[in-house]
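For the record, the sequence lines run as chains A and B.
Numbering (my numbering) for the first sequence: 15 to 274.
Numbering (my numbering) for the second sequence: 12 to 442.
Hints may contain errors.
Once the Cα atoms are required to be at most 30 Å apart in a straight line, the calculated DSS-like pairs of lysine-lysine come out as [to be verified]:
1. B/Lys271 <-> A/Lys127
2. A/Lys16 <-> B/Lys154
3. A/Lys58 <-> B/Lys410
To spell it out: a stretch of chain A is covered by chain B in this simulated footprint if at least three of its residues, at any positions, have a beta carbon under 8 Å from a beta carbon of chain B; those stretches are [unchecked claim]:
4. 32–38
5. 52–59
6. 110–116
Partial pick of chain A residues on the chain B-facing surface, computed with a CB cut under 8 Å [to be verified]:
7. Ile45
8. Leu107
9. Ile119
10. Val120
The set of hints was computed from the structure by calculation and includes no laboratory data.
A virtual CB, placed ideally from N, CA and C, is assigned to each residue, including glycine.
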Amino acid sequence: MKPKVAFFDFASCEGCELQIANLEEVIIDVIKLVDVVSFREVMKEHSDDYDIAIVEGSITRPMDEERLKKIRNKAKILIALGACAHLGGVQKLGNQWTSKENKQIVYGIANPKDIDDNNPFFEKPKQRALDEIVKVDYVIPGCPINKNEFARVLIALLTGKKPPIPDYPVCVECKKKENVCLFTVGKVCMGPVARGGCDAICPTYGNECEACRGYVSYPHEKAQTDVLEKYGLTLEEIMNRKTMFTYRYIEAKKEGEKNE
Amino acid sequence: MSDINVHVEHLTRVEGHGNIILNAKNGKIEKIRWQVSEAPRFFESFVRGRPYHEMSHITSRICGICSIGHALASLKATEAAMGIKISEQTGILRRLATHGENLQSHILHVGYLVAPDLLGVGSVFPLIKTHPEAVLKIVKLHKMANEMSDLICGRTTHPINLIPGGFSYIPSEKQFKQLKQRLADSVETTNDVAEIVLAHAGKLPKFTRETEYIALTSNDEYALYDGDIGSTDSGKHPVKDYQSITNEFVVPQSTAKYTKHKRDSYMVGALARFNLNSKKLCPLAKKWVDKFGLKPISYNPFMNNVAQLVEFVHSIEDSINLIDKILGNGLDRYERPKFTVKAGHGVGALDVPRGILFHDYTYNDKGICTKANCIIPTNQNHNNIQKDMEAFAPTLLNKPEKEIELNLEMLVRAYDPCISCSTHYLRVKFI
Chain A
15 MKPKVAFFDF
25 ASCEGCELQI
35 ANLEEVIIDV
45 IKLVDVVSFR
55 EVMKEHSDDY
65 DIAIVEGSIT
75 RPMDEERLKK
85 IRNKAKILIA
95 LGACAHLGGV
105 QKLGNQWTSK
115 ENKQIVYGIA
125 NPKDIDDNNP
135 FFEKPKQRAL
145 DEIVKVDYVI
155 PGCPINKNEF
165 ARVLIALLTG
175 KKPPIPDYPV
185 CVECKKKENV
195 CLFTVGKVCM
205 GPVARGGCDA
215 ICPTYGNECE
225 ACRGYVSYPH
235 EKAQTDVLEK
245 YGLTLEEIMN
255 RKTMFTYRYI
265 EAKKEGEKNE
Chain B
12 MSDINVHVEH
22 LTRVEGHGNI
32 ILNAKNGKIE
42 KIRWQVSEAP
52 RFFESFVRGR
62 PYHEMSHITS
72 RICGICSIGH
82 ALASLKATEA
92 AMGIKISEQT
102 GILRRLATHG
112 ENLQSHILHV
122 GYLVAPDLLG
132 VGSVFPLIKT
142 HPEAVLKIVK
152 LHKMANEMSD
162 LICGRTTHPI
172 NLIPGGFSYI
182 PSEKQFKQLK
192 QRLADSVETT
202 NDVAEIVLAH
212 AGKLPKFTRE
222 TEYIALTSND
232 EYALYDGDIG
242 STDSGKHPVK
252 DYQSITNEFV
262 VPQSTAKYTK
272 HKRDSYMVGA
282 LARFNLNSKK
292 LCPLAKKWVD
302 KFGLKPISYN
312 PFMNNVAQLV
322 EFVHSIEDSI
332 NLIDKILGNG
342 LDRYERPKFT
352 VKAGHGVGAL
362 DVPRGILFHD
372 YTYNDKGICT
382 KANCIIPTNQ
392 NHNNIQKDME
402 AFAPTLLNKP
412 EKEIELNLEM
422 LVRAYDPCIS
432 CSTHYLRVKF
442 I
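Kindly produce the complete structure, drawing on both the sequences and the hints.
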């Protein structure tokens, strides 16, 4: 029997699900291997009976938390799809302020009573990655995901293999492409600490890596510190310099300090 | 007449989360509501403190489908704030980027999201078996549009090459020539797909409701990348006055930020652009306008689907013209922007697949954003969707519940709503 796959989305741009549609002809082959039972963005049918749940988006409110827990209970395998599910997305930056301050900035002209925590749609909004709420079995990182990696992960799962997610820095792929190192042209790139697998797409097109796939598990501190020193930076400085996608790590550090 | 209770939670085949509620008793509507339950992400709050060069990369994440449009509106706001001028080449390349996005977004909507309604199925998947040739043609066009966007922007979803003042990477002359050939080759496939839609266009409800249409408008071109704000009610307005057009306001009994201009609501998107700018369409697009019998001003929101198809044809033709222009001028692959970072305030407007989009930023002298406001097309349409529903639902009450539900769903889908885009959480309350 074909495995039943369901897609779900929370706070996100739905761009990662779009990458699946962007597989074009390949998707026609992929859906022959599985039974897609729910995919709200493209199909009307829906079933609560599924084996693999693929979840995009960050978790914002208690109502979202409940929905995610229900999905976790039903799914044998839960996959976090993209940077919002994996790291909390760019919107994780909002956690620098209290939810009250965020609401004031965005809905300043509203009646405060309408948007307070008694309204479930507005209840304590704070962005969290999926694994801050439930157990996540696999992560497909990136903003957006690499569509070819998605196909590789799905095929690995269907053939009982461990999905191949690289744990080396973006620099590896960037060197392979023989790009000019952005440090040498005066830019600060997250490549040395960011997880590869994106084919170094941003540096290839002249832009600094923003670490949308998070950090590697163990940045090679010694070697990288030596290289970065040459450009007058410490490893810590570079890890704190760009926080577009990696505020999660800083937040975790702050939380840790609070608990100490 | 029996009681009717329609409750569509999390409407499918749209981007984001929205609900439709209709309750009727003895042939009288008690409640009709278009409700949006998308989680808020607070973009305008958390971009405060971010440097100018991150802004377009962050705000492109508002929407996965129209990320190129968000990036460009963002860059235009930054450039307006800092007085950065762009070259003619950058202007042409950005127009190509806009066409690439329009092509991919429109074919995705018409081909993958709307066609199942016209053919009486729940999604594009069963069509792979029943209509394989049509699906493959749609896939081919979608792929061409995505690869065009990849070429110009580095990546279709969350573009890389688009930076303040210009481009960080520009494709080669050979790649532009290949793109031109692909665009020319796709005309036949486009005509085939348009014929299929035309054959089923009779299924689009013949519902009309007079409303105001707002879109960018220009004397020089069918406005997408640049222009003044145009209204079918009040004529032209400068972009800097956008707040006097959108008039965001709060209804006392709702947290929703509505927009309205001359009437209770207005519509933005392909139909609004067509209604204002149809004379500027390219010849083949005009041919399809005639075939579909579309005439400005069309007050049928379902014709937005047809207007998207017409714009698809236009974007192919105009892209070919733009490539000729850029190659004729002599391509400068290594042109890179030069400017000085300074404090300022600026507004950028663009007409993206779902309608007119505004980004408004304030920067300090270090180029750090201190204040931001984004007004998204779908936000401007929600109020019009609600008003359309109120007018459309009474005409449906003698139909079976399933058919009422389908008709209301088709109405919302016709707007091609992009609910995640709504940076302001919006709740439409029945008053």
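Of all the hints given earlier, name the ones this structure violates by number, lowest first.
-> none
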